[in-house]
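> Chain by chain, the residues:
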Amino acid sequence: MLNKTYRSHFHWPLLGVTVALVFIGILNLHSATYNLARGETSPLLWSQITWLVIGTGVGVFFLILDYRILIRLAYPAYGVSLLLLILVVFFGKTVAGNRSWLVVGPLTFQPSEFAKLALVVVLSRYLSDHLKEKGGYGFVDLLLPGFLSALPLFLIVLGKDLGSALFFLVVSVTLLLFVGIRRQVLLFCFAFILIAGTTAYQFVLSPHQRARIEAFVNPGADPRGKGYHILQSKITVGSGRILGNGYLKGMHSKLLFLPEKHTDFIFPVLAEEWGFVGSMVVLGLYGALFVFGLEITRKARDRFGFFLALGITALLFWQTVINLSGVLGLIPLTGVTFPLLSYGGSSLVTILIGIGLLLNVSMRRFMF
Amino acid sequence: MLDFSQEGVKELSSKVIFGYLAVAAFFIFIIFRLGYLQVVRGHFFWMLASEHKLKEIRIPATRGAILDRHRRVLVNNRPSLDLVVVPQYVVNKAALQKTLENLISLPMEQFESSWQVAKRLPPFYPSRIFSDISYDLAARLKVAQVTAVGEEDSWDLRGIEIVQRPLRRYPLDSTASSILGYLREISEEDLTHFQKSDPDKYWPGDLIGVAGIEKQWETVLKGEDGHQIKVVDAVGREITTPDVAYLLKKKAPLPGSHLILTIDRELQRYAEEQFQGQSGALVALDPHTGEIFSLVSLPSYDPRALSANITADFWQKLVADPRKLLLNRAVQSYPPGSTYKILTAIAALEEKVIKPEEKINCAGGLHFGGRFFHCWREGGHGLTDLRRALAESCDTYFYQVGLKLGVDRLAKYAALFGLGERTGLDLEEEKKGLIPTEAWKKKLFGQPWLPGETLSIAVGQGSVLVTPLQNALLVSSVANGGLRIRPTLLKEAGEIPSEKISVSKETLEIVRTALGDVVASPSGTAHGSRSSLVSMGGKTGTAQVISEEGRRRVGGGEQFRDHAWFVAFAPVEDPKIAVAVLVEHGGFGASAAAPIAKKVIEKFFEISKEK
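Protein sequence lines correspond, in order, to chains A and B.
Going by the numbering used here, the final residue of the first sequence carries number 368, and the count climbs one at a time with no gaps.
Going by the numbering used here, the final residue of the second sequence carries number 1611, and the count climbs one at a time with no gaps.
Just so you know, not all the hints are guaranteed correct.
Partial selection, computed: residues in chain A whose CB lies under 10 Å from chain B [to be verified]: (1) L131; (2) G180; (3) S239; (4) R241; (5) I242; (6) A271; (7) A300; (8) F306.
These aren't lab readings, by the way, just hints derived from the structure by calculation.
None of the values given here were measured: they were computed from a predicted structure.
Beta carbons: idealized from backbone N, C-alpha and C, even for Gly.
Kindly generate the complete structure, drawing on both the sequences and the hints.
Structural data, given as structure tokens:
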């Protein structure tokens, strides 16, 4: 199935780091959802393990499959993801104020997670087809990739999942920056975002989204109200101190002062129990993951492979950055989950497909 | 079939360096942020987190009850309410103090002194301000606390709590208080001691047995405290929403074990009543097993007064009381007087210094060493054998016998019967008594023993001292045919083996018959206390507390009157009970002590018949 050359170029360290993080993720999720009083493992954990098994299967499939097939499948896949997002708009299930779930029989999944990957694939295809030799992209050149990015973004905003929408924007911008954008265009965009941002804050954002930003600017103003989440999050992280309180002993998170501790606030659970040292070890593994992603990007043998690897790495990196900065009180909370640690089947499967593709690109880099 | 768009890949690859830089920048940022939150301010956040979460409330274990031999309650528990302050949750101390003054007229000073104590303890630890408050008061405080909601309220009860605590209940009032003992708040020394040996078992403010059974069996009675976890928010308000309900873990306290004593509640109370306000002691026990039916020490204290809110002043008064209320007289040493003749008689027969039928003439006393030793009967007893000498308590007979024996041989038999040492009854305050020997005097005073002193010892005067409990055991050994028994207050303590005393059966039989004569013979000293219900054997004793010359000097004050003794057993043929009665300064044993013993013995058989 895989010949010797493939095996010799297989990126074992990346696989190792992934396995370690998946394992840590399950352990930590167990602690976050553990029912102390009854000594019971949460059903959420079993659900996550089920998704892990599914994700591993799908990930292996995308590892074996030659990634270059995706060049042809890019637009159809993108189309399907848009279709699913449209279905969400009409038939989606609303959880915690965000309408972003689709229910199909026993499965509940989040098409926006898969749309991230579809967007990365379609942009990789478009950008590898339209590489500029000199000067980078101008306004006109940006129109089409901008449109490709804006479509899913728009559909997600309709579902009130602004955090994910912004995240799409950041990933697209990262890819475009690597293609190259003319300086004037960059400056203009920067100014535009500034103006559009303030306008959006005033007129587009819902009160609960505005509250999150206000809470970020001044969390102490209303600790029981708008600033509650971020303050509790900081208390949880801080109370871990240097060595942490020990596994299953993070009482602040266990006592439900911390909301959504198994999704958005999964990192504070880890930080409380394992302290600064433990957090650093886990974040070190994430660092290794990004560095391996970038290494695969750098060594990719073709343009599509390059953009694919870069896009996936950017996906992982920005998801980590946005979630971590949010829970540590560095940026407003967005609702973006922590890759591999947070509970969520769709996200887990998406990330495992992404890592499968990274390994795929790495493995096939010397093949002609 | 597939595109090989490889042009420009090199150029693109060179840009990946920006990716590395972004990752590095982010990590530096995160290290600083986490370092700040967890290392620099970690302790602060940890404190904040701790304050938010768990409050462990101790649930005191219910102390084991103490029951009598028929499982009737001697001491058990009643619920009481304490007013406590938890310094951690006190926001405005001045306002709190004022509120308590207005609401329940608690004196400022009392709060202040509790506060000083509380400040030395961990801030989460509840310190008692007032014990055993009324339900009415508790209700008023609770209502006030519930309705006080914000800063703008005129009162402030934050940091105040009402906690339930079991206190001792004494259904028999002061009956048996000297056996049972009492509880006091644990002293700092004891606390340090227990903190080392048994951490977390005792906390400041805990009650601990300091006398009697309560002290002796403290660890058994105490039980194990439980605790309950409560979730509170930053201002100390309890969070009880259903989502935290599962965290409200509770470890139920393990109640202390009940103790079943050998005491008979009814007999005990009856025996105490027979003293009619006189001070003294009584020990009634089973001469075969050593089970103590009744152990009286009077006057005694009212344990109810010691159960809560004892002021230092009250305590001082109790300790300084000249009646010595805290003393357990049943295990204190007294001169045994003529009851000691039992031992002298046994020693004389065993050492064969005299034959049972051999007669000695009593002419009202004995000249010895230039001094005249009186017999209590001025006219004398005439020619007396051993049996009559015991029955009529002839001093002259025993002076002579004592001289022949010598003090050391007498002491040897005293030791055989366990005199001069503790009986092994688990009461810490028990005294050893004193059995003098030549060596003892030499060692203590550096002087040789004078033969004249032996005369006094032979009739239980002089330096010899015996406890009422020892005396009851001495008479038991005569009654049971020479077994040295171990006294016990615990019903289920298991069989304690009794030792055979190396004294011949014949000797004991002679003495036992003679003791029967004490009551049965018309000339016996206790004939007046004979019972129509049961045959009794016994020995009267009248112990001088001051020498004849001394008495002449100071006059006959109440405090110099003789101690009255009576030791007895019944029925003579098959003894079921042995009794020792001591009435302090009661005068003659025959008139002051023997009637009490008789009544208690009759009551004993009356109760036995009912059962």
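> Are the hints correct? Go through all of them and say.
Each hint tested on the structure:
no.: 1; hint: L131; verdict: holds, 5 Å
no.: 2; hint: G180; verdict: holds, 8 Å
no.: 3; hint: S239; verdict: holds, 4 Å
no.: 4; hint: R241; verdict: holds, 4 Å
no.: 5; hint: I242; verdict: holds, 6 Å
no.: 6; hint: A271; verdict: holds, 7 Å
no.: 7; hint: A300; verdict: holds, 7 Å
no.: 8; hint: F306; verdict: holds, 5 Å
Hint compliance for this structure: no hint is broken.
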